[in-house]
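Work out the full structure: start from the sequences and follow the hints.
Protein chains: 2
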Amino acid sequence: MRFLSAAHGFARVAALGTCLAIVGPAAKLAWSQGHASPDQASPDQANPGRFLADFNKRVTTKVLPNGLTLILCERPEAPVFSYFTIVDAGDANDPGGQSGIAHMFEHLAFKGTKDIGTTDYAAEKIALDKVEDAYAAYDTEYRKRVGRDEAKLKQLHDAFLDAQKDAEQYVIPNEFTEIADANGASGLNAETSLDATQYFWSMPANRLQLWAYMESDRIANPVPREFYKERDVVMEERRMRVDSNPIGRMVEQFLAAAYVAHPYHRPNVGWESELSQITATEAAAFHKIYYVPANITIAVVGDVKPGDMAMFEKYFGTIPAGPKPEEMTTVEPPQTAEKSVVIKEPTQPLYLEGYHRPDYRDPDDAVYDAIQDIFSNGRTSRLYRSLVRDQQIAAQAEGFSGFPGDKYPGLFAFFAVPDQGHTPQEMRAAIHKEIDKLKAADVSDEELAMFKTRARADLLRGLGDNEGLAQQLAIYQLRYGDWRELFNQLQKIDSVTKADIRRVANKVFVDTNRTYAMVEFEAPKPSAQQQSQAGAQ
Amino acid sequence: MRFLSAAHGFARVAALGTCLAIVGPAAKLAWSQGHASPDQASPDQANPGRFLADFNKRVTTKVLPNGLTLILCERPEAPVFSYFTIVDAGDANDPGGQSGIAHMFEHLAFKGTKDIGTTDYAAEKIALDKVEDAYAAYDTEYRKRVGRDEAKLKQLHDAFLDAQKDAEQYVIPNEFTEIADANGASGLNAETSLDATQYFWSMPANRLQLWAYMESDRIANPVPREFYKERDVVMEERRMRVDSNPIGRMVEQFLAAAYVAHPYHRPNVGWESELSQITATEAAAFHKIYYVPANITIAVVGDVKPGDMAMFEKYFGTIPAGPKPEEMTTVEPPQTAEKSVVIKEPTQPLYLEGYHRPDYRDPDDAVYDAIQDIFSNGRTSRLYRSLVRDQQIAAQAEGFSGFPGDKYPGLFAFFAVPDQGHTPQEMRAAIHKEIDKLKAADVSDEELAMFKTRARADLLRGLGDNEGLAQQLAIYQLRYGDWRELFNQLQKIDSVTKADIRRVANKVFVDTNRTYAMVEFEAPKPSAQQQSQAGAQ
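Here the protein sequences come in this chain order: A and B. In terms of full-length UniProt numbering, the first sequence is numbered consecutively and its last residue is 537. In terms of full-length UniProt numbering, the second sequence is numbered consecutively and its last residue is 537.
Treat the hints with care, since some could be wrong.
One copy or two, it doesn't matter: identical chains are merged, so the pair holds either way.
Subject to a maximum C-alpha distance of 20 Å in a straight line, what follows is the list of computed EDC-like cross-link-like pairs (lysine to aspartate or glutamate) [said to hold, decoys possible]:
1. 437 to 511
2. 324 to 282
3. 439 to 338
4. 433 to 338
5. 229 to 175
6. 144 to 326
7. 144 to 272
Rather than coming from a laboratory, the hints here were simulated on the basis of the structure. Since we're looking at a predicted model, the values are computed, not measured.
What follows is the structure, given as structure tokens:
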């Protein structure tokens, strides 16, 4: 049910590589404002049946002959529209040895096309091909296991840098975003998770055709402009978010331990050695497989009319068709033994544990949401009350479902930050006590009722603005083949029972299904190398 | 230095998927006999210098225009020859989502070619293509995430079975091996590790041309005959060696935890979900990349003459050239925290721990061999004396280097089986005590001398028979670009010092570089599901 891990506080911090490629300083603000203050006509929360009937009238769906799915929703209250494009491929689809490649597309999203962002595409194309050739020559020498020639390597690297420089002369920096901005776009953005890649912005209604041109051109004709520069940006992002960040390091090790076969095992920003050697040629191969119309769903919401569909077809219909990518074969085998990673560092202690759960299609999906709500939603939630308020051992404590994704079976995870003087072991014991309570006794009527009220309200509130609605329509259409499933969620929330919660808790929260990672405080000590030198003397 | 994990007792048991695809009941016997009793002219162990000079006269090496490396070594003492083919690709090269695919080639090794093993290849080809089409149709439906049609799935599966049956009518079972056998071949075999795939057998000298024809044809023109049948055989092998075997299960979890990015993380037999969905089409793609002449080294040893090279060229020179496969980009990041897997089962307790070490090219490679020898070689070794003989807490205890491979950085691992009434925790403590001793004090003169004597003897003894020599020549040629490096090993062994051993032990055997797995005995208890049902009542 929760598609974007960003919907959750901790997950937002921890979702490695889910960086927002902010374009322009105002963009992020606009996006968060859009979500925080839906000031357009709100749906009738009291009557979802009427609400759905209303949507049925407003929404037009069409699968184009090339396989691309378009959803159009009329909301003429203001002369604006928002769109949301989902490419059904994220870093879980990264080919072996190329982790982080899906995420590169987020960084290349608005670099332009054959027509936008270049002074002379024909010449630039030749120059970019030369960059690839130069890089390949360098890379082959670099990877040699025996007999690498360092002088030659240096020469080849210089040649690569020269080729890059040559290609840069054709670049018109930021032309794509400047065109968008000049035409009133706001919230221009892209996001990558392990599950999918998303692109979105909002615009005045009279720029609908311009948008259709820009978005379809961007999808069909991306140019790997400044690819290696952008790869360096992502490397730096990795250093900041993972390598130099205690939570980032812990989460990376935690997921690597929790998953053995499934790609949720990998950080979506990529392993350093792989990310640092991704090429534009590999990215083009990824694009060819995954950026095909049959793998793309686009929702447009706002001051649009069913008659606009013909214009959309004109632009999006020309994207060349390709076979729908194969579904992933890999299934994580059942976990049968507790696993752990114990990090000892002179830093803030932390505790994180997770249990494998099924994917979003599971009939109990809403039950996991209920458990998350009861454990973590606000100051009345069980973990906050117990660990933070009453025992005063934790600065923060929460449980969250569907991490690091939920397209495939994710984890139900618990995260706690010990207060000064307390340990990760105490967090573990206190969390297990709360889990045992949930397994042993029914939740209260109030807790169940509060979950349902909040979940319904959250769901409906998210539809109040064009951005949120476009996102949800696209997601549900993609995930269930019908956006109307969105409204069945209300039914699913309503039908969760106390017995469901106990049953699921007893099924999932078992020792052999657990992986944990902890950071234990340890005073700085001599490095292994220093020890070794001492030992050798 | 140890290329085949099979060289070591435990590793042999634990090297998942390194199964011997035995062809004919006498084959395995012949192979092990060949290694156990070298009864041909033995090299002069006292004088390796003269030995090398002698080899320089006997060995001819040639890289064919298509990139294939051939090594020919004259040993005319008996009218026989042995050969060893290495394809420089193992299961570490399996593409993402296709773990186990390199190993499939071991199983398909002797199924025949376009000319051998078929009654009518033209018709069989058409039938095999239909098998692939039928399987692809079935597989697409099988993988559907939403809206899978079970009736259609059954129908497609039946169609696939029919297509398979149709293709089988052209198969002449075992024709390839029967031709080999009828011409006096012995030890026909194949092996796959994470690092490489190897093929070898021995034959009378007057069958040299027949061998060249069969081996070159087998490499160039493999036919995916009975592919899906063989996939089932491998699935069964996985069940036997991993899923139904406590050591196999533990080792799989151990490696998955010890490695996060590098493919040593994966079992070479493959993850069940991936192995069970590998296709012959994917195998053909793997073959096209990795079974190119530039990636293959063949050594032939025995009653052969330099003049035979021309005949070899005639056969092996016609294999179409292809680009040398790219070297792997992935490098395992440094481990910074202890990791563990704790399995609780009603079974024999076990303990396994490992520390990351560099690959075979490391200047300290022979030092790791020395440490292995001192810990584990026979009844005078430290672990045996301490854990088995003196403390009487273990039935078995050893340390071994380069697991699960050594082409890439492998592990130095320790394995112990507690005696009745003793625990894996005791094994851990006793092993750590021995490690601490090695870090704190120099080994004795006797220990160091015994290592050197044994290592030299092992190395030279391995060259005493044609099979062993062919293997070593091929391996060293592949790994260092020159088979003569084999003889530098003697120098490397000789130069290991006591200080080297302490230095390396202090560098590698540190807490943060350790992963451990243990099986703790636990009486059988109700399953999670039974608990859950109880909890829900």
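Against the structure, the hints come out as follows:
Proximity of residue 437 to residue 511 under the C-alpha cut-off of 20 Å is restricted to the intra-copy arrangement: shortest distance 15 Å within a copy versus 36 Å between copies. For a Cα distance limit of 20 Å, the shortest separation of residue 324 from residue 282 qualifies both inside one copy, at 19 Å, and across copies, at 17 Å. In this homomeric assembly, residue 439 and residue 338 come within 20 Å of each other (Cα to Cα) only inside a single copy, at 19 Å, whereas the closest approach across copies is 31 Å. For the homomeric pair residue 433 and residue 338, the shortest alpha-carbon distance inside one copy (18 Å) is at most 20 Å, but the shortest distance between copies (26 Å) is not.
When the C-alpha separation of residue 229 and residue 175 is checked against a cutoff of 20 Å, the pair qualifies only within one copy, where the shortest distance is 17 Å, while the shortest distance between copies is 57 Å. With identical chains, the CA atoms of residue 144 and residue 326 are at most 20 Å apart between copies only, with a shortest distance of 9 Å across copies and 33 Å within one. When the C-alpha separation of residue 144 and residue 272 is checked against a cutoff of 20 Å, the pair qualifies only within one copy, where the shortest distance is 19 Å, while the shortest distance between copies is 33 Å.
Going through the hint list in order, the structure satisfies each hint without exception.
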